[in-house]
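**Student:** Chain residues, written in single-letter form:
There are 2 protein chains.
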Amino acid sequence: MTDRPNRQILLAERPTGNLEESHFKAIDSTIGEPGPGELLVRTILLSIDPANRAWMQGRTYREQLGAGEVMAGGALCEVVSANDAPISPGTIVWGEPGWQQYAVLPANRVLPVMARGPLTHHMSVLGITGLTAYFGLLNVGQPKKGETVVVSAAAGATGSVAGQIARIQGAQVVGVTGSDDKNRLLERDLGFDATVNHRSETLRQDLAAACPNGIDVYFDNVGGRVLEAVLPLMRTHGRVVCCGSVSQYDSATPSPGPAGVPGQLIVKRLRMEGFLVSDFIGEWAKAQEQLAAWVASGEVKVLEDVVDGLESAPRALVGILAGDNVGKRMVRVAPDPA
Amino acid sequence: MTDRPNRQILLAERPTGNLEESHFKAIDSTIGEPGPGELLVRTILLSIDPANRAWMQGRTYREQLGAGEVMAGGALCEVVSANDAPISPGTIVWGEPGWQQYAVLPANRVLPVMARGPLTHHMSVLGITGLTAYFGLLNVGQPKKGETVVVSAAAGATGSVAGQIARIQGAQVVGVTGSDDKNRLLERDLGFDATVNHRSETLRQDLAAACPNGIDVYFDNVGGRVLEAVLPLMRTHGRVVCCGSVSQYDSATPSPGPAGVPGQLIVKRLRMEGFLVSDFIGEWAKAQEQLAAWVASGEVKVLEDVVDGLESAPRALVGILAGDNVGKRMVRVAPDPA
Numbered sequence: 000m001t002d003r004p005n006r007q008i009l010l011a012e013r014p015t016g017n018l019e020e021s022h023f024k025a026i027d028s029t030i031g032e033p034g035p036g037e038l039l040v041r042t043i044l045l046s047i048d049p050a051n052r053a054w055m056q057g058r059t060y061r062e063q064l065g066a067g068e069v070m071a072g073g074a075l076c077e078v079v080s081a082n083d084a085p086i087s088p089g090t091i092v093w094g095e096p097g098w099q100q101y102a103v104l105p106a107n108r109v110l111p112v113m114a115r116g117p118l119t120h121h122m123s124v125l126g127i128t129g130l131t132a133y134f135g136l137l138n139v140g141q142p143k144k145g146e147t148v149v150v151s152a153a154a155g156a157t158g159s160v161a162g163q164i165a166r167i168q169g170a171q172v173v174g175v176t177g178s179d180d181k182n183r184l185l186e187r188d189l190g191f192d193a194t195v196n197h198r199s200e201t202l203r204q205d206l207a208a209a210c211p212n213g214i215d216v217y218f219d220n221v222g223g224r225v226l227e228a229v230l231p232l233m234r235t236h237g238r239v240v241c242c243g244s245v246s247q248y249d250s251a252t253p254s255p256g257p258a259g260v261p262g263q264l265i266v267k268r269l270r271m272e273g274f275l276v277s278d279f280i281g282e283w284a285k286a287q288e289q290l291a292a293w294v295a296s297g298e299v300k301v302l303e304d305v306v307d308g309l310e311s312a313p314r315a316l317v318g319i320l321a322g323d324n325v326g327k328r329m330v331r332v333a334p335d336p337a
Numbered sequence: 000m001t002d003r004p005n006r007q008i009l010l011a012e013r014p015t016g017n018l019e020e021s022h023f024k025a026i027d028s029t030i031g032e033p034g035p036g037e038l039l040v041r042t043i044l045l046s047i048d049p050a051n052r053a054w055m056q057g058r059t060y061r062e063q064l065g066a067g068e069v070m071a072g073g074a075l076c077e078v079v080s081a082n083d084a085p086i087s088p089g090t091i092v093w094g095e096p097g098w099q100q101y102a103v104l105p106a107n108r109v110l111p112v113m114a115r116g117p118l119t120h121h122m123s124v125l126g127i128t129g130l131t132a133y134f135g136l137l138n139v140g141q142p143k144k145g146e147t148v149v150v151s152a153a154a155g156a157t158g159s160v161a162g163q164i165a166r167i168q169g170a171q172v173v174g175v176t177g178s179d180d181k182n183r184l185l186e187r188d189l190g191f192d193a194t195v196n197h198r199s200e201t202l203r204q205d206l207a208a209a210c211p212n213g214i215d216v217y218f219d220n221v222g223g224r225v226l227e228a229v230l231p232l233m234r235t236h237g238r239v240v241c242c243g244s245v246s247q248y249d250s251a252t253p254s255p256g257p258a259g260v261p262g263q264l265i266v267k268r269l270r271m272e273g274f275l276v277s278d279f280i281g282e283w284a285k286a287q288e289q290l291a292a293w294v295a296s297g298e299v300k301v302l303e304d305v306v307d308g309l310e311s312a313p314r315a316l317v318g319i320l321a322g323d324n325v326g327k328r329m330v331r332v333a334p335d336p337a
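Chains as they are written, first to last, in numbering that gives the first Met the number 0: chain A, 0 to 337; chain B, 0 to 337.
Treat the hints with caution; some may be incorrect.
You can't tell identical chains apart in this list, so a pair holds if it fits in one copy or across any two.
[As the list claims (entries may be wrong)] Here are the simulated SDA-like cross-link-like pairs (lysine to any residue), alpha carbons at most 25 angstroms apart as the crow flies:
#: 1; residue 1: Lys300; residue 2: Val266
#: 2; residue 1: Lys143; residue 2: Arg270
#: 3; residue 1: Lys285; residue 2: His236
#: 4; residue 1: Lys144; residue 2: Ser296
#: 5; residue 1: Lys143; residue 2: Asp278
#: 6; residue 1: Lys144; residue 2: Leu232
Simulated from the structure, these hints should not be mistaken for lab results.
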């Protein structure tokens, strides 16, 4: 059996400043057969996330990415063949093939996906970002009816779902994005009560006007300047859900933290808490069932941003760091299996 | 009945930079009789705390202090006379007379103290600072046996008690102070396992060496540079108890927050949480009983730093901001009642 041609995108160079497309390189390689306990998978939909950039900084929950390696990334894949592994060819799995057409993965490092509805939903609202919104908001943020919830990167994959779940809980929901177009979309289609543009020179005043009762829960996807503007508006016993810090990812060195830490936390008894969706893996199925029900009833609208072709992946990632996506960005590498 | 002479210390001028003794002014005043529902109290022991300085910044849980006002402060007082109030003359109470010999206070704004042992203990280990250590460490920090607990301002009133309670819980306790003398005292007399001097140029490396397994709980009294050095050493699911940010109090404008917020919180799922001891007022009596038992058994040693005379109060406060105290600093304004 001859090896199979395999297009790959490498991280050619680790960025020292802003990430650019030129930091990547596409090459033609080949891939062999899986060994015992392994699967050969075909990448169908590749997930594009700001966290991909953070992995290049070496300060996260995984190994730092090195120059010359296949760019890392999660994806929905189809199992092509299995070697002494209990997953049948044709199964759809979530795994980490990286930015390439095919990968060999240990069978115990993938999660079979019971596909229902469009496959893209298993990347967006039922995928990691939707689950992140669900557990971050409900388990860490714990909004109560009538409270004010602010969500940053609110038109993004996680923020758009977090905001809608907060609305379903009966909270007043205020979205922060960097675009008036996105803000209109959130208010018109997704039921956000108000929105603020973080590029405004009067960010803090705008936030104060949008949150006349103060802020009970801040679902933070960005860190930096927005976090700094939010802290003085937090109410006593407020909660900050530390989900992401996109504003800090696209550089080699992080900026100082937000003023008000820890002062604001002390005087207002705030809780700031980080979490990873993988900590809740035992509850994923239940959460997916709830999310699917909300989608079916129309209570949660799904925002997706699908880019075509593996070679578009570098552009898609550079763009997401500038906030040019609306909803969950993914790259279609191969058509859905029949 | 003639009014009683009353020496007072005013905040003459609100500081714009470091606090100095010249920002205060002593004057001779008089005080009248209490109105209905009020008490006339004599100040016995005045509490000197870094938070006194923070009150001048206007960013806390109480009104900002203004120039020309009697300097605010908590104290143990003796009730001299009561007007239609259910507290007998001679009772010892905790209240807020401010920096003066006598004050008229509403009877519902003082807490009677069931004095046992030295009165100073009701200012230190059984007072606000001891209770702050107790609730902050046990309710917010929740150290487990074998975990590593780092305490900053560890020779201070709160830190010295927090560290000893952590030791009683079976944790490895590492103290941070700005003085090698204090560090020797903590290791020799208070059972700290290790100590670090925050003035070291290799602070982060020193901390790493003192905490070979990383840090599970950080009891933070100082914020700023020490907090920034601690965050990268925190272990997954670690807790930062936000108790004070002394490093930020002695200026008119706060510095930027610590780098690593929120990044470190996300990747390591940390919880940073503020609290105020007054939130636990219903549990104070039980906590005081436990603390008194630990003092009686010798498991908790009490560090006190008593300065004589009301007019020493400005110097005592300026000094505590520079870290010149060992244990709970207080000013003796009048002798203990017979």
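**Student:** Now tell me if each hint is right for this structure.
**Tutor:** Consistency of the hints with the structure:
For a Cα distance limit of 25 angstroms, the shortest separation of Lys300 from Val266 qualifies neither inside one copy, at 38 angstroms, nor across copies, at 29 angstroms. For the homomeric pair Lys143 and Arg270, the shortest alpha-carbon distances inside one copy (15 angstroms) and between copies (20 angstroms) are both at most 25 angstroms. Within a single copy, Lys285 and His236 get their C-alpha atoms only as close as 29 angstroms, which misses the 25 angstroms cut-off; across copies the closest is 24 angstroms, which meets it. Taking the shortest Cα distances, Lys144 and Ser296 sit within 25 angstroms of each other inside one copy (21 angstroms), while across copies they are farther apart (49 angstroms).
In this assembly of identical chains, the alpha carbons of Lys143 and Asp278 lie at most 25 angstroms apart whether taken from the same copy (23 angstroms) or from different copies (20 angstroms). For the homomeric pair Lys144 and Leu232, the shortest alpha-carbon distance inside one copy (19 angstroms) is at most 25 angstroms, but the shortest distance between copies (37 angstroms) is not.
The structure is inconsistent with hint 1 alone, although it conforms to all the rest.
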